[in-house]
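**Q** Single-letter residue listing:
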Amino acid sequence: MSIGLVIRLLVLALLVVFLVSPETFAFLFEPLAKNNQPVIYNQGSLLDLTLNHLLIVLIATTLATAVAVGLAILVTRPFGAEFLPLSRSLANVGQTFPPVAVLALAVPMLGFGTAPTLVALFLYGLLPIFENTLTGLTGLPPSVTEAARGMGMTGSQRLIRVELPLALPVILAGVRLSTVISLATATIGSTVAARTLGEVIIAGLLSSNTAFVLQGGLIVGALAVLIYDGLSAIERALTRRTGQGARANA
Amino acid sequence: MIDIQELTKVYGQTTVVDKVSLTVEAGDVCAIVGTSGSGKTTLLRMINRLVEPTSGKVLIDGQDTRSVPAHELRRRIGYAIQGHGLFPHRTVGQNIGTVPHLLGWDAARISARVDELLDLFQLDPAQFRDRMPNELSGGQQQRVGVARALAAEPNILLMDEPFGALDPVIRAKAQEDLLAIQKRFNTTIVLVTHDMEEAIHLGSRIAVMDGGKLLQYATPQDILANPATDFVAELIGGDRPFRLLSLARVASLVQPGEAKGAPIQASASLREAYAECLWSGRDALPVSDNGQLIGQVSRADLARAAARPS
Chain A
0 MSIGLVIRLL VLALLVVFLV SPETFAFLFE PLAKNNQPVI YNQGSLLDLT LNHLLIVLIA
60 TTLATAVAVG LAILVTRPFG AEFLPLSRSL ANVGQTFPPV AVLALAVPML GFGTAPTLVA
120 LFLYGLLPIF ENTLTGLTGL PPSVTEAARG MGMTGSQRLI RVELPLALPV ILAGVRLSTV
180 ISLATATIGS TVAARTLGEV IIAGLLSSNT AFVLQGGLIV GALAVLIYDG LSAIERALTR
240 RTGQGARANA
Chain C
0 MIDIQELTKV YGQTTVVDKV SLTVEAGDVC AIVGTSGSGK TTLLRMINRL VEPTSGKVLI
60 DGQDTRSVPA HELRRRIGYA IQGHGLFPHR TVGQNIGTVP HLLGWDAARI SARVDELLDL
120 FQLDPAQFRD RMPNELSGGQ QQRVGVARAL AAEPNILLMD EPFGALDPVI RAKAQEDLLA
180 IQKRFNTTIV LVTHDMEEAI HLGSRIAVMD GGKLLQYATP QDILANPATD FVAELIGGDR
240 PFRLLSLARV ASLVQPGEAK GAPIQASASL REAYAECLWS GRDALPVSDN GQLIGQVSRA
300 DLARAAARPS
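Protein sequence lines correspond, in order, to chains A and C.
Here the first sequence stands for residues 0 to 249, where the numbers follow numbering that gives the first Met the number 0.
Here the second sequence stands for residues 0 to 309, where the numbers follow numbering that gives the first Met the number 0.
No wet-lab data here; the hints were simulated from the structure.
In this text the structure is predicted, and so the values were computed from the model without any measurement.
Accuracy of the hints is not assured; some may be wrong.
As the list claims (entries may be wrong) - Which stretches of chain C does chain A cover? Using the computed rule of at least three CB atoms under 8 Å from a CB of chain A, they are:
(1) 61 to 67
(2) 97 to 109
As the list claims (entries may be wrong) - Which residues of chain A face chain C? A partial, calculated answer using Cβ under 10 Å:
(3) 76
(4) 142
(5) 143
(6) 165
(7) 167
(8) 231
(9) 232
(10) 235
(11) 236
(12) 241
All residues carry an ideal CB built from backbone N, CA and C; glycine is no exception.
So that you can see chain C by itself, here it is in the shape it has in the complex:
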């Protein structure tokens, strides 16, 4: 659990982060959204003390982060950044093993952990362990960057625009991988992004920042239904109904019955189902789960689910 209390950062005359308080529960994915200059990155960097707060404090599992030396604190918190920041003179394996090495793990344990992580990120250890970062594609570098952040099994992972440099197809894949890994280890993630779509997709809670202030901190559903200010509404943009649909799965709207045509997966989002209805001109779609037809989902139900929650 990360407890941020009245955190403030002032540079000269400018208040970059202004008395921000928020709590990230263990296992949550907190997406901090804002335009550039909103203070979101500074807020993130104060959690692992890359930036020292002017006032206020951060408690991690009840412990004040200032009670341990900064470098020791950082070794316990995973950190992944845009442009990955891999050490160009170290192999992929050495890069991933950075924090375990700093923590004094023995060589066998480090190498086992490196191989485990490479496997987890679908990079064949035998093939990738000894490569140099510049021999990898952008997507692979990004995965190694996240693997490195997770190497010492941190409970908390901080990510600063981790997918910012990826093309849309690879980004979608990287987001899915991150969610899968988050579920598997129940890691608490704080992620900074300027992209509301990404925040809604990844975040279990979203913090919207502007001008150093926290405008709203709520679940994606809440943010979509009740944006606290005009600025939040503007960030969400005009396609709110579709974003709302993207938050729920087809499984939640399945009705008994049969429909014609190709089935849609129960795990697909309502947004995908609605798009399929419109595209194929059908009023209902059959729903399948693990190859079994389990019912249907109707266009009318989908449209209702897209309406503003009361």
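Next up, chain A with everything else stripped away, as it sits in the complex:
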């Protein structure tokens, strides 16, 4: 077992213990809490908030993946080629819009709560996945796509049997980026009353309680690192399995 893996498992174990029983770690945060402020977040369960945070990210990223991959497939087909520039600029707009602005604009339409956060995360997650899917689908070795046509595969057979499987590691890299961005951005959702780990940070900021801020930040940070590493590992395995190991390492 490599040292890296040991450290990651350790971080995961610590995170789980902390979420289930935060009081165990009270001694660590005690020096940060001033004037008899509560040491551990006490306005709700940290575990609930974390699960809700993850759920929002999961929903937003899943939707973004479906839409972005679908769009990228459409614009790389012969009939969709002319929409390539349009869809690219649409996804770019999603990315350049600050998430706070999206939240502010979405609240009047969708009200306070989870819905505007989902919209912001969804829009924000589109671009990395879209760009990576485009790269994956257009960067295939020409001899392979040529052979697939020459064998007599129809367009959809080429897509499903050759293009998507070969592009999968690159697509997944996009999903990984998008997920990590969403994990961080979701904390902002708490400003419009979405139940995410941002609540902990905001509560800490409002009451000048560094212990709260640190707890929220640490949980989000640990989640991001663990998920990033986990998805990277899946990507590497996929790259090897699709026989592109040589290409990836070269």
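Given the coordinates of chain A, work out where chain C should sit on it, guided by the hints.
**A** Same frame as chain A, now just chain C:
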């Protein structure tokens, strides 16, 4: 039989293939030779409609290729390309089984066919069936590429510079294998190459292309003896007598008699026999066939065979 009639391809202002007509008889090996940009690959790719012709038509066994959907047409025609184009995420067995799978063969039949082809290409099925393409050597990948093209037992095999990426030793072996397989199945082969040597070696007929036009379509002997244009002569190069010698076998010049020294095989080419005469300084070589001495071949006869046919 492939009947190409007035086939033309125009891209914008450029005519890539210009009214080419030629007929490839069943069981022939037609080698299309030309420099890059001569339109030879485009001509090949119009046969299985990877490129749609601007005008003209292709008949296969009398049937217009446009009368069936392109993907169905391609499943009936083997296609092998330079750099093999194997699917990197599929095993060797799955790669070879691609077209049979598309045609809906059942699993047992596909697996039997895969093993048969691996055997034919001297790759042990038990050892190679489940390997990934990147675990093979270049020569093995190329063989799997040709095996894949032959998987659905096509009557016609199109090959685009199939041996271009191989080193000379492996290429010679691959060429011999291809000729053996062609004889065995009597497959009609259309092969594109820039190498006149390869064309003369493999082709039963050679089509020379330049600037989109078909300059000459004839047997290798004819091309060597009577190149239609200066360009064809230039492609053949200066060592025409030796190329001519390489086309015939020692068996065709055997005379009764005995000669000294190591014998040469009756199946060797005249070129090899002549080279051996010169190298060993002998005027005649004994000829053996299956271990039996069957006569001799003389240097004078070999030299005469190298002269320009009248």
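**Q** Against this structure, judge whether each hint is valid.
**A** Against the structure, the hints come out as follows:
1. 61 to 67: violated (count 0)
2. 97 to 109: Answer holds; 3 residues pass the 8 Å Cβ test.
3. 76: This hint is violated: residue 76 of chain A lies away from chain C, its Cβ roughly 15 Å from the closest one there, beyond 10 Å.
4. 142: holds (4 Å)
5. 143: holds (5 Å)
6. 165: Holds, because the Cβ-Cβ distance from residue 165 of chain A to chain C comes to roughly 6 Å (cut-off 10 Å).
7. 167: holds (9 Å)
8. 231: violated (19 Å)
9. 232: Violated, because the Cβ-Cβ distance from residue 232 of chain A to chain C comes to roughly 19 Å (cut-off 10 Å).
10. 235: violated (15 Å)
11. 236: Interface hint status for residue 236 of chain A: violated (13 Å vs cutoff 10 Å).
12. 241: For residue 241 of chain A, the interface hint holds, since the closest Cβ of chain C sits about 4 Å away, which is under 10 Å.
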